[in-house]
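Protein chains in written order, with this note's numbering: chain G, 157 to 400; chain L, 8 to 191.
No wet-lab data here; the hints were simulated from the structure. Errors might be hidden in some of the hints.
Stated by the list, open to error - Here are some, though not all, of the chain G residues that point toward chain L, as calculated from beta-carbon distances under 7 Å:
| no. | residue |
| --- | --- |
| 1 | H165 |
| 2 | A166 |
| 3 | W196 |
| 4 | L200 |
| 5 | L204 |
| 6 | P209 |
| 7 | P212 |
| 8 | L216 |
| 9 | V220 |
| 10 | L224 |
As the list claims (entries may be wrong) - Computed list of lysine-lysine pairs in PhoX-like fashion (alpha-carbon distance at most 25 Å, straight line):
| no. | chain 1 | residue 1 | chain 2 | residue 2 |
| --- | --- | --- | --- | --- |
| 11 | G | K201 | L | K177 |
| 12 | L | K131 | G | K158 |
| 13 | G | K201 | L | K131 |
Ideal placement from N, C-alpha and C gives every residue a C-beta, glycine not left out.
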Amino acid sequence: MKEAIERAHALADGALSPAEAEQARREAAADPRLQAEHDWARTLKAELAKSPPPTPDPHLWTAVRDRLDAIDRSRTAEGFVGRYAWAFCAVFLLFIVAGAITSRLDGARPLATSQVAGLFSGLTPVAAGSPDQAVELVREKVGYAPTRMVGAPVRVLGAAYGLIDGRRAARIVMADGVGEVLLFVVERTNTVEGIPYAAKGYMAGSINRTPALAWCEGGDLVMLVGPRDHGELQTLAEQIRSAQ
Amino acid sequence: MLFRRADPRRERFERMAEAAFPSLFGTALRFTRDKEDASDLVQETMVRAYEAFDRFDGRNFKAWALRILTNLYINRYRKRQREGQTGSLDDEHAAEPVAPADEAPDRRLFDGLLGGEVEEALAKVPDTFRTAVILCDLEGLTYDEIAEATDVPVGTVRSRIARGRTILRKELMDYATEQGYIRP
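All chains, full assembly: derive it from the sequences and hints.
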């Protein structure tokens, strides 16, 4: 019976296959209750079809359009970024590369702590026969050297040179009446990490607990490291500088 | 936005959506029986439809949007409304639709009723059956479309529509008898 009633309703909805519709018609003709179900379904459909839909608030459609606008804006932005993402990346990469090249070619950079160690152990010793040759070698390699240092009251005992992060660097071992002092020259370098500026353009600090004094000369870094106080290192530095 | 460039996709969507909008809102209101919920539901439907507009097959926008609306309603609003309403009227236990064999007062019944009273009676029909009746009798969806929208087999749709109409008939008869439109 349940299926027959459902068929009677489905017949009113035109939702049956031809065979099923024929069956439903036969059933309705034979049973007044099924005919009543069928009639009720048709009447209800007709009456509900007359019922107008509730009128929406006019502001509701405006609100919908606002939300669609928001979606469009978001899509536009996403589309732009998506379309030109490769260009953004390329420009960003270009900036990085250009910055790195510029910095490497022209800019004076700080000397990092890890690179200071390379000054002591990473340079190639120069088999120099005399201090003059060593100084000349440093001058040639570094492009700057206290060339008349030999005229100052110090002796040059040896030299080494090499590259520190692409910058030419040299180490000269000197001695005076007090003891040995290391003189470092690093091109395109302005400061040494961990050695702050003190006074008169000098940077004062220590490297491996040994006093160090550095200064910047024409875009290159010069540094003295030796077992004596900063005042004595500064005196020596001024002798070297005045000998140039 | 005076000089906003016309977007053909947006224009096409708006043209179809605006035409279907009253019907969608009406369905949302009949589903939720709450104006605010109906407004939220129909807005959300429009947004979903717009986002998925590229997947619309171009045949019947209203039926397509009603499917989205019904899905949203079932997944979101009905769960909230269902609390305290389940138990006695699922498919297996609902009263069988049996019309009285000796009378056919349907025409007289409607003659005495106003549209608002029919709407009120419809609102009393349990949710599952009401949804099927609304989609079928008010929105004209086919059984297949209703099955797709409500995610149930066509046979279940057929059963829900028959039962929903029978429950609605009982509600209307009770009301009409109470008001003296028809004699008991």
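* **Closest C-beta approach of H165 of chain G to chain L relative to 7 Å, hint status** => Hint holds; H165 of chain G Cβ to chain L Cβ min 4 Å, cut 7 Å.
* When the nearest CB of chain L is found for A166 of chain G, is that gap smaller than 7 Å? -> 5 Å, holds
* K201 of chain G and K131 of chain L: Cα distance at most 25 Å? -> At roughly 18 Å apart (the allowed maximum being 25 Å), K131 of chain L and K201 of chain G satisfy the hint.
* With chain L as the partner, please determine if L216 of chain G meets the hint condition of a C-beta pair closer than 7 Å. => 5 Å, holds
* Asked: Does the interface hint hold: is L224 of chain G within less than 7 Å of chain L, judged Cβ to Cβ?
  -> 5 Å, holds
* To do: Could you check if P209 of chain G really has its C-beta closer than 7 Å to a C-beta on chain L?
  => Hint holds; P209 of chain G Cβ to chain L Cβ min 3 Å, cut 7 Å.
* Can we keep the P212 of chain G interface hint, with Cβ of chain L closer than 7 Å? -> Holds - the Cβ of P212 of chain G comes within 7 Å of chain L, reaching about 4 Å at its closest.
* Asked: Holds or violated: is there a CB of chain L closer than 7 Å to the CB of W196 of chain G?
  -> Holds: closest Cβ of chain L sits about 5 Å from W196 of chain G, inside 7 Å.
* chain L contact restraint for L204 of chain G - C-beta distance below 7 Å -> 4 Å, holds
* Closer than 7 Å between Cβ atoms is the bar; does V220 of chain G clear it against chain L? Give me holds or violated. => Holds, because the Cβ-Cβ distance from V220 of chain G to chain L comes to roughly 5 Å (cut-off 7 Å).
* Asked: At a threshold of 7 Å, is the proposed contact between L200 of chain G and chain L supported by beta-carbon distances?
  -> The hint holds - L200 of chain G has a Cβ within 7 Å of chain L, the shortest such distance being about 6 Å.
* Asked: Are the Cα atoms of K201 of chain G and K177 of chain L separated by 25 Å or less?
  -> 16 Å, holds
Every hint, counting from the list given before, is met by this structure.
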